[in-house]
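Here are the chains, one letter per residue:
Protein chains: 2
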Amino acid sequence: MIEIVAGVDIGGTNTVVGLVTKNGDLLAEKTFSTRNHNHFNNFINTLSQEINTLLNQVGGDYIIMGVGIGAPNGSYGMGAIVDAPNLEWKGTLPICKEITSRLSIPAVVTNDANAAALGEMLFGGAVGMKDFIVITLGTGLGSGIVANGNLVIGHDGFAGEFGHTIVEINGRACGCGNKGCLETYASATGIRRTISMLLAQSNQPSIFRSLVPEKLSAKMISDAATNQDPIALEAFEYTGRILGIKLAEAVTIFSPEAIFLFGGLAKAGNLIIDPTKRYMEEYMFPIFRNKVKLLPSALEGKNAAVLGAAALIWKEINV
Amino acid sequence: MIEIVAGVDIGGTNTVVGLVTKNGDLLAEKTFSTRNHNHFNNFINTLSQEINTLLNQVGGDYIIMGVGIGAPNGSYGMGAIVDAPNLEWKGTLPICKEITSRLSIPAVVTNDANAAALGEMLFGGAVGMKDFIVITLGTGLGSGIVANGNLVIGHDGFAGEFGHTIVEINGRACGCGNKGCLETYASATGIRRTISMLLAQSNQPSIFRSLVPEKLSAKMISDAATNQDPIALEAFEYTGRILGIKLAEAVTIFSPEAIFLFGGLAKAGNLIIDPTKRYMEEYMFPIFRNKVKLLPSALEGKNAAVLGAAALIWKEINV
Chain Z
1 MIEIVAGVDI GGTNTVVGLV TKNGDLLAEK TFSTRNHNHF NNFINTLSQE INTLLNQVGG
61 DYIIMGVGIG APNGSYGMGA IVDAPNLEWK GTLPICKEIT SRLSIPAVVT NDANAAALGE
121 MLFGGAVGMK DFIVITLGTG LGSGIVANGN LVIGHDGFAG EFGHTIVEIN GRACGCGNKG
181 CLETYASATG IRRTISMLLA QSNQPSIFRS LVPEKLSAKM ISDAATNQDP IALEAFEYTG
241 RILGIKLAEA VTIFSPEAIF LFGGLAKAGN LIIDPTKRYM EEYMFPIFRN KVKLLPSALE
301 GKNAAVLGAA ALIWKEINV
Chain P
1 MIEIVAGVDI GGTNTVVGLV TKNGDLLAEK TFSTRNHNHF NNFINTLSQE INTLLNQVGG
61 DYIIMGVGIG APNGSYGMGA IVDAPNLEWK GTLPICKEIT SRLSIPAVVT NDANAAALGE
121 MLFGGAVGMK DFIVITLGTG LGSGIVANGN LVIGHDGFAG EFGHTIVEIN GRACGCGNKG
181 CLETYASATG IRRTISMLLA QSNQPSIFRS LVPEKLSAKM ISDAATNQDP IALEAFEYTG
241 RILGIKLAEA VTIFSPEAIF LFGGLAKAGN LIIDPTKRYM EEYMFPIFRN KVKLLPSALE
301 GKNAAVLGAA ALIWKEINV
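In order, the protein sequences belong to chains Z and P. All residue numbers for the first sequence refer to this note's numbering, where the first residue is 1 and numbers rise by one. All residue numbers for the second sequence refer to this note's numbering, where the first residue is 1 and numbers rise by one.
Next up, chain Z with everything else stripped away, as it sits in the complex:
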């Protein structure tokens, strides 16, 4: 029997679950919608079933040893997800206990962006780096920060909420209850809001004038930009400017060797990286200028958060 674990990346829109060996090889993977589970227990049921389906798929040579989970506002210490702005279930969700009660194996949870940072450090572009930042651009904006070779977890275990730094006082309403948070601008949801803003401000023709706003995905916006839709192009410029300015601030605070972009909006590649890099350098504290790499996740396609969550549970069970 070959020992494996499940790595889970819970996002506001989709959840990805994968079976992972001790070397970080991904044997099988499944994506399903995080939404449409009106009760958290229903979500846990779906997740448990998907893990069992994947296990059947890879066959009888494997035994599952544990489940590692990356989730928004995931608290390692509490084994729970706590008041995540981008999930529909509120309060404290004891996800580790629920998984263990269904599958009878240990489970650990951490912040989704911390999981992505662990994955990048162990298997991706940050191998050998001691100071770097992973920014996840999904439904929200998460950050996993590594300083002196260790994840910055903070006193409460909730450090790294870079998506809730403030871009504009009294700016866009955020799911956290505040206004003007970075993730209301720089995320898959944020760029969709920017499209609506630009449709109001501009009178240029755009495919988005005939599409339902809440159905827009980051992929549709990047496809439109590739087709030279002027509103889509301007939306990437606008998003990159805000993200670039905030990343310049992050560099000034952390002096990282590199910043990695990961998640749905990061898949737009140079459409988002180029303006972000340009504005980051423009607003950078001079001694850091042209020193910090801005890179796509080296695990894109594989999913750094799934691999990182898997690495976390491997470390925990220590087999």
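Do not take every clue at face value.
What the hints assert, rightly or not - For lysine to aspartate or glutamate, the following EDC-like pairs were computed, each having C-alpha atoms within a straight-line distance of at most 20 Å:
{"#": "1", "chain 1": "Z", "residue 1": "LYS293", "chain 2": "P", "residue 2": "ASP156"}
{"#": "2", "chain 1": "Z", "residue 1": "LYS291", "chain 2": "P", "residue 2": "ASP83"}
{"#": "3", "chain 1": "Z", "residue 1": "LYS179", "chain 2": "P", "residue 2": "GLU282"}
Claimed, not checked - Residues from chain Z that keep clear of chain P, each with C-beta distances beyond 12 Å, as calculated:
{"#": "4", "residue": "LYS22"}
{"#": "5", "residue": "SER33"}
{"#": "6", "residue": "ASN56"}
{"#": "7", "residue": "ALA159"}
{"#": "8", "residue": "ALA248"}
Said to hold, decoys possible - Here are the computed distance ranges between Cβ atoms for each label pair:
{"#": "9", "chain 1": "P", "residue 1": "LYS130", "chain 2": "Z", "residue 2": "ALA173", "range": "30 to 36 Å"}
{"#": "10", "chain 1": "Z", "residue 1": "GLU316", "chain 2": "P", "residue 2": "LYS293", "range": "45 to 51 Å"}
{"#": "11", "chain 1": "Z", "residue 1": "ASN270", "chain 2": "P", "residue 2": "ASN170", "range": "24 to 30 Å"}
To be clear, the hints were calculated from the coordinates, so they are not data collected in a lab. We put the beta carbon where it would ideally sit given N, CA and C, even for glycine.
Based on these hints, arrange chain P on the given structure of chain Z.
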């Protein structure tokens, strides 16, 4: 012979030098102006003379083993001060080599705010804390950040330049070449600029209408506020709002147990702490609200940076 070291805190306005025992006892201290040394070598000459004067003062029972220095843009790795916006000498200043050549003892340098954080951790209010931030409000604004029990130094050694995060795009011109940096608002120099701004906007009477702007000190402004000068009171409110918002962002990123305020402007006590705390809580990411202590340095009067710089050289010479 009792072994001692010199701890040095170089600020944009004043330099403080103290003789410190291995237990952190301060035997003697002297403050002199950092300015009016047109060449860096003249400053080093003054500093060396002041150390010798202090040694004569404490008498013949003591032997000096090394010099620890906290300075703006001090690089531990390079043993130098590099392009510090608030010092009049530019370029790379090899301060350790210069001190050693004059006094024939080892010297180390680090960022002044990092030295203050070390002092706070070893001898002050942060004893036993693993995650905290020290903000120095002097000529500029420095930050020493401790995460997981270690100073955040960064890939380049220049992490912690929180004073150069951006408050307002195209805001006040900063010594670093950028605009709108936090330290142009929240520092002894920043509140002086705020006084000028308020004198323009308001028509209320104020002592500052009859004083020379560049001669205003943080002490004069806090004395005026204590005497209910309306412009001085509003300047503290304005400064506290900006500092509070940026500290809310720092909490969101680091999840510290406490934030300590240190330096000239911090001596204003509740005049600066109260509005800063109020706005910090108002703009805080909700899960962190009412959890993070905002405190004056527990070493105020002694000088955390002098003690921290001393601790650093004690560690280095390891006697």
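Checked hints:
1. At roughly 13 Å between alpha-carbon atoms, LYS293 (chain Z) and ASP156 (chain P) fall within 20 Å of each other, so this suggested pair holds.
2. As the CA atoms of LYS291 (chain Z) and ASP83 (chain P) are separated by approximately 16 Å, the hinted pair is consistent with the 20 Å bound.
3. As the CA atoms of LYS179 (chain Z) and GLU282 (chain P) are separated by approximately 11 Å, the hinted pair is consistent with the 20 Å bound.
4. Annotated as non-interface, LYS22 (chain Z) keeps its C-beta farther than 12 Å from every C-beta of chain P; the closest such distance is 26 Å.
5. Against the 12 Å criterion, SER33 (chain Z) stays outside the reach of chain P, whose nearest CB is about 26 Å from its own CB.
6. With a minimum CB-CB distance of about 39 Å to chain P, ASN56 (chain Z) clears the 12 Å threshold, and the non-interface call stands.
7. A beta-carbon of chain P comes within 12 Å of the beta-carbon of ALA159 (chain Z); the shortest separation is about 4 Å.
8. Separation of ALA248 (chain Z) from chain P is inadequate, the least Cβ-Cβ distance of about 7 Å not exceeding the 12 Å criterion.
9. The hinted range of 30 to 36 Å is satisfied by LYS130 (chain P) and ALA173 (chain Z), whose Cβ atoms lie roughly 35 Å apart.
10. Evaluation of the 45 to 51 Å hint for GLU316 (chain Z) and LYS293 (chain P) yields a failure: the beta carbon distance comes to about 32 Å.
11. Restraint check, ASN270 (chain Z) to ASN170 (chain P): a C-beta distance of roughly 27 Å satisfies the suggested window 24 to 30 Å.
Consistency with the previously given hints fails for numbers 7, 8 and 10, ordered from lowest to highest.
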